[in-house]
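Single-letter residue listing:
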Amino acid sequence: MILLEVENVVKQFAGHRALDSVSLTVPENTVYGLLGPNGAGKTTLIRIINCITAPDSGEVRLHGKRMTAADVQHIGYLPEERGLYKKMKVGEQALYLAQLKGMTKRDALKALKYWFEKFEIQAWWDKKVEELSKGMAQKVQFITTILHDPKLLIFDEPFSGFDPVNADLMKREILELRDKGATIIFSTHNMETVEDLCENISLVDRSKIVLQGNVAEIRASHATNTFVVRSVNAFEGNGFEILSQTLKNNVFESTIKKQQAESNNSLLGSLIKQTEILSFEELLPGMNDIFINTVKR
Amino acid sequence: MSKISLIIKREYTTRVMKKSFILLTFLTPVLFAGMIALVVWLGGIKDDKVKTIMVIDKTQQYKDVLKSNESYTFEFVDADVDDMKKQNGKDEHFTALLYITGDLKTDSNAATLFSDKQVNMELKSYVAGLLNKYIEQQKLASYNIPNLKEMVEESRTDIELKTIKWGENGNEKEGSAELALIIGMVSAFIIYMFIVIYGAQVMSGVVQEKTNRIVEVIISSVKPFELMMGKIIGIAMVGLTQFLLWVALTGVISLAIGSFFGGDVDVSSLQKVGQMGMNPVPTNVAPSEMQALITALSSLNYTEIISLFIVYFLGGYLLYASLFAAIGSAVDNETDTQQFSLPIMLPIIFAIYAGIFSAENPDGPLAFWCSMIPFTSPIVMMVRLPFGVPVWQIALSLTILVLSFIGTTWMAGKIYRTGILMYGKKVTWGELWKWLRY
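Line by line, the protein sequences are chains A and B. With my numbering, letter number 282 in the first sequence gets 282, and the count goes up by one each step, no holes. Start counting at 1 in the second sequence, then tack on 1000, and there's your number in my numbering.
What the hints contain is simulated information worked out from the structure, not anything from laboratory work. Hints may be right or wrong, so weigh each one.
Claimed, not checked - EDC-like cross-link-like pairs, simulated, lysine to aspartate or glutamate; straight-line CA separation at most 20 Å:
#1 B:K1018 - A:D149
#2 B:K1019 - A:E130
#3 A:K134 - A:D149
#4 A:K87 - B:E1334
#5 B:K1019 - A:E92
#6 B:K1003 - A:D149
#7 B:K1019 - A:E131
#8 B:K1223 - A:D71
#9 B:K1003 - A:E92
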């Protein structure tokens, strides 16, 4: 099932084109990564999905229907630049934001109680936001984003400002939300989290989508035909190239590059003939390299 | 609860619960009453220092006229003016030097008062008064007509012109131009103050939301226009609350003062404040005058004035507040607001001056036009109201005001919508114009 479709969206600002014919589809119940260098147009795209700005042409569809302002109720949005009213108390503010999203006071209080207990932050309820650290305020804002149980969650750089422990907590929460049925779009610069979390991505560069698809497929298509092989004895290059070979704890670890045309099985076959193989793994490029290579071009 | 009422509620409660609001609301009437009390009290204290005035009288005629009293001592010397000037402060200090060169009966310019400081009004009028009275008597005596003094005394009249305003149905009310002026100016000034103070609050509220970046979260839930209007209405209600509390508190305090000092002190001391420095002779409010003031006070239509005050306050505030909101949305921080707020402040300041001049001729062309132009009408109309304004003028001015604030709010909404999401861009007037036409 497709939850969100963006079709041929164009947005022109005075002097420059922020989005040039951008299309993407987000399947329901998945985590979708929106990548790209600073200023590529990610935030503009997110704002269009949120109905904050209107596209010049093209459209955004939710469940196949053109999105209206009322649909924004079903979106939870955590902007990149976090902000809360500094002078307002945490609980009061969370309640206010939840009510703005259309929750009743009772439902909001119930949901807030659940999340505050889950994150063990009940003690912050009567504190003013200005008394909290940046990371603490981020947690509160995360809760206010997901409180109304939205179908679609949009996180803009959700992990910035968190220490590793809390970043990990957030990651787990995001996956849990997906398992419970939410669809998540998030934009990030952190490629490791993309590999960990995202099923699909779009890479935006200079207002255009330059790379799009399933993360595993993208990595496979960027394969460099290299493999890491652990074996009992060393190899000799025969029909393949040995890039490096090291001996560690009586095990040889070699990086091997096969010829483009050769299949994996036939490479493995020729390796097996030489010595006992302990492990054989294709070395796929990380999203980081793919990102840098694609954007550089 | 609808979203806009949520926003209004937040804007209202966060401001009304603030310590500064509570302090200002409850202290201002107390401070104001205290200030008046202080002035009255200070005015009541007699300056017990006796001032010395040296007199060089070339004619030797006025020794009996210039008699010393508890405030002034006149010392007659025979010396040169320049010597006396030099001498002042060396041996003894004197306040002023009166130099009479000739017969004042024939030459009214023959007396001069010298001092090392500007001679104050009280001294000048006291000395002049003594001399005038004496010369007057001298002149009368020189006519050699028996009983002339009595005749003159008898012919002296003091006509008090009553001002009576008649209403539509012919019923007459005794009015007081002075009172109308005071009430008009005070209410105009309060409107001016409220527009400036609460307009600025709207502006800084918008700037804060923008710099806090919370605005992006909120407009993913509500429309920018709802956020802007919620803020403007919420703050308007804060202003109204403050005004109504002030009215109530002023009433309570003046009642308390009235009962504490007994009936008439309130009015007579207020009059004293008004006359301070102009007339050294203490005036006791005559019973008839008191009566007139009370009649005049009750002649004003308070329901009309207070309800129109609220209407004009809201109209003027809405007109300006939306412009302030637009400016707040266009800039990145509060220091940048100055460049844009000047063109908005100018008409407000112009309005208060126009109001002051309108008071002199409340039906003149300046008053009329300025009470029609929406940018000045809330202030100028308040000045005119206690003098009586035809209903069609009030209706026309209100219609123009309402149409204009709908216009400015619509314009401001367009600028606001674009502005709040614009960061790090130096905004120019041209840029604002472009946003308006998006």
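Assess, step by step, whether the Cα of K134 of chain A is no farther than 20 Å from the Cα of D149 of chain A, and give holds or violated. Violated, at about 24 Å.
Pairwise hint evaluation, E131 of chain A against K1019 of chain B, where the allowed Cα distance is 20 Å at most: Distance ~19 Å between K1019 of chain B and E131 of chain A Cα, so the pair holds.
With a cut-off of 20 Å on the C-alpha distance, tell me whether K1019 of chain B and E130 of chain A pass. 17 Å, holds
Check whether the Cα positions of K1019 of chain B and E92 of chain A lie no farther apart than 20 Å. The hint holds at about 18 Å.
Holds or violated: K87 of chain A with E1334 of chain B, Cα cutoff 20 Å? Measuring from Cα to Cα gives roughly 17 Å; hence the hint holds.
Take the C-alpha atoms of K1003 of chain B and E92 of chain A, compute the straight-line distance between them, and say whether it is at most 20 Å. Distance of about 16 Å is within 20 Å: holds.
Hinted pair, alpha-carbon criterion (20 Å max): K1018 of chain B, D149 of chain A. Please report holds or violated. Violated: K1018 of chain B and D149 of chain A sit about 33 Å apart, past 20 Å.
Need the status of pair K1003 of chain B, D149 of chain A: alpha-carbon distance at most 20 Å? Holds, because 18 Å separates the two Cα atoms, which is no more than 20 Å.
Given the hinted pair K1223 of chain B and D71 of chain A, is their Cα-Cα distance within 20 Å? 13 Å, holds
Hint violations for this structure: numbers 1 and 3, all remaining hints satisfied.
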